[in-house]
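K.L.:
Take a look at the letters that make up each chain.
Protein chains: 2
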Amino acid sequence: MTTAAICTIGDEILIGQITDTNSAGIARELGKNGIRTTMMMSVGDSAREIEEAVLKGLQTNDIVIITGGLGPTKDDVTKKVLYTLSGSEGYRTDARQLEIIHRILSSRGLDVLEINRQQASVPSRCDVIPNQLGTAPVMAVRFPEERFGHRAVLYSLPGVPYEALGALPDVMADIRSAFSIATIRHKTIMTYGIAESALSEKISGWEANLPENVRLAYLPDPLKGVALRMSVYGEYSEESADGIFRRQTSLLKEILGSSIYAEEEKTLQEVTGELLLAAGKTVSTAESCTGGLVASLLTSVPGASGYYLGSVVSYANSVKENVLGVPAEVIDTYGAVSPQCAAAMAEGVRRLTGSDYSVATTGIAGPGGGSEEKPVGLVWVGISSDKGTRTVKFSFRNDRLRNIERFAASALNALRLEIV
Amino acid sequence: MTTAAICTIGDEILIGQITDTNSAGIARELGKNGIRTTMMMSVGDSAREIEEAVLKGLQTNDIVIITGGLGPTKDDVTKKVLYTLSGSEGYRTDARQLEIIHRILSSRGLDVLEINRQQASVPSRCDVIPNQLGTAPVMAVRFPEERFGHRAVLYSLPGVPYEALGALPDVMADIRSAFSIATIRHKTIMTYGIAESALSEKISGWEANLPENVRLAYLPDPLKGVALRMSVYGEYSEESADGIFRRQTSLLKEILGSSIYAEEEKTLQEVTGELLLAAGKTVSTAESCTGGLVASLLTSVPGASGYYLGSVVSYANSVKENVLGVPAEVIDTYGAVSPQCAAAMAEGVRRLTGSDYSVATTGIAGPGGGSEEKPVGLVWVGISSDKGTRTVKFSFRNDRLRNIERFAASALNALRLEIV
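Line by line, the protein sequences are chains H and G.
At position 159 of the first sequence the residue is numbered 206 (the numbering used here), and the sequence of numbers has no breaks.
At position 301 of the second sequence the residue is numbered 348 (the numbering used here), and the sequence of numbers has no breaks.
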């Protein structure tokens, strides 16, 4: 199996000022392409440290990917290392990257200074993969078998995550051609509402019967649920991989039904938005314990104004009563955290905004405020539409912020289930 | 200077399923204690890989901190490495950790099984630092000078971030006593509203005149602004460090005035909440472009119900008009993104909820919807109280999600400035 080491460069990583997210992003992409990451390293902006880490990686791996140390003011360090390792003689200017530099700076109304032009200058024995998103190019140094006992390639990417991850498709294409790696195809099935361990039990029979060349990964996320990623390895044509995915997805749907909310990488808010757009329907929200997070998630999707009307965050009972019209006797009799209140909130905000659907949350996020009867982590979700109003209860056992996330995702999922 | 290497362990890190946040958290804490992190590594759940990485770290560093590979089902790998490296002869049970295991499991209503008891069993030559937050203890292996040419200590922490970071104060105390490291004292000043580069220019004179033993770090964050951390190094008594901090903070306040919102690590929402609580006042929010994020931030603080009444997220103009009472002619004449609309939204939600203060946002988060006159990144914030209503404009140049964050933080800061 082709293997890789990842090395991120930057004093700001070593002092903990920034969390290295490049390594995880690169490792995910390598994994999708069937390449195993054997180690990750982070070192400071020092040529000696970078060279040492890169050599360590190259000795036991086919591929080393480094990020960082390529900014206009940092250029020298990483490039010097590439110069030495590649045995370059002089520098050359890459015309394609220079053009990109001109384009980017002029779009920002800036002049191209010598320091900017320098970024297109690369050690003579480095191949360039143009970086469309920034001024520093991706560089590749190719080592013959004699050097480390196996063919190896070193890729140097910019440190800015947006640019590093943006360059990955081109880098992966280069890797696939350099190492003639068989294409791996993936299909991701998004599920919500079943915990990872329960899900694994539920689909164990299906999983055991997967064809030998199909691997399965569980990818859990508090806001997205559990994503199931099937990967087809080996020399299969695209058609037969598609066939496998179709068959396995349909078997999975028989087991999981509406717990599946998408057959590609998506969020609950994206899917819910698409359902609403397709149906030409609108939604509003009434939030107590989630404090605006459901609204914030729904409006994080570009174009949300096409179906999202608004929310009333009714943190105080007075707002529940005066704005949403929850009857005082509902709160007095059953409490604010009750199915009766969740229903009245959902109906209230639907009346107020005139939306087709509405969803309401009322619960106890903690750390304080719980009781034996209504513990921290309890939430009631109300859903209202012209089909009527229903409520559903969820219980979690997390800290305040994680509870709020789970509450919000559960509300979005309840809304989705109501629409489909 | 005392140096450290950090090594995180776990196949889930190498496949990119989780982002390693432990390394940054540990590096920050080491830095606060005057210890320089020279390298970070991540390796898989393999004894050979762990041992190799640990030895590499120990050869050139005083301290190596590893996290992970200690769960009830993973116990063996890391412990075997510690067993070998420490030259242990057999295992012993740590009574303090066993007691914690009993306490944690019984609080969850679970029985203590053999697999749980095993977690309190440690190689004979490992010191234990009890882990109060989880079942796996922190272990320390102390190496004499003969072994690596310098005294060295290896610390093994659990992988769960909450437990790893929670154990750090005890680990740092052990490090300070093992290496007789002089205490470093820190003071963090939180600022909002001045970009890092402008801030650096504004305080360059002050910075140049800082006493020699004081170092300054800029720590920028989209939601918190720029934190300035002063660190006093060297053999100073606590009193004189306090004196330095008092003098320098007061000089800084003369330059930055109300841009400083806290003299310790805090968020805008915490400080705003404290101001409201102290004044016995309440607040409500009316949000368009921020879609509930201001509400979500305010309610992320435990106890927010003491001052936060609620929000109207008026994404649709109909909600602005019908719920918040924004006159239709305001929207027709000036548009929804206008100071007039921001003011009417703020006044509307204050009337609706009866709050003492209110804050409103209306802007263009993007990617679409901008014009020459009202570009993407423009936001109007309205603030209303019994002193009247005022509006303030901000412009940013980010992607949708980052724009929404900046809008929300600017609104919180405008609210804070209104209260003080």
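Incorrect hints may have been included.
Copies of one chain are not kept apart here, so a pair can be met inside one copy or by any two copies together.
In silico EDC-like cross-links for lysine to aspartate or glutamate, where the CA-CA straight-line distance does not exceed 20 Å [said to hold, decoys possible]:
1. 271 x 379
2. 440 x 254
3. 127 x 158
4. 271 x 59
5. 249 x 217
6. 271 x 317
7. 79 x 58
8. 313 x 446
9. 271 x 161
10. 328 x 419
Just so you know, the hints here were simulated from the structure itself, not pulled from any lab data.
Only a predicted model underlies this, so the values are computations on that prediction, with no experimental measurement involved.
K.L.:
Which numbered hints does this structure break?
P.N.:
1, 2, 3, 5, 9, 10
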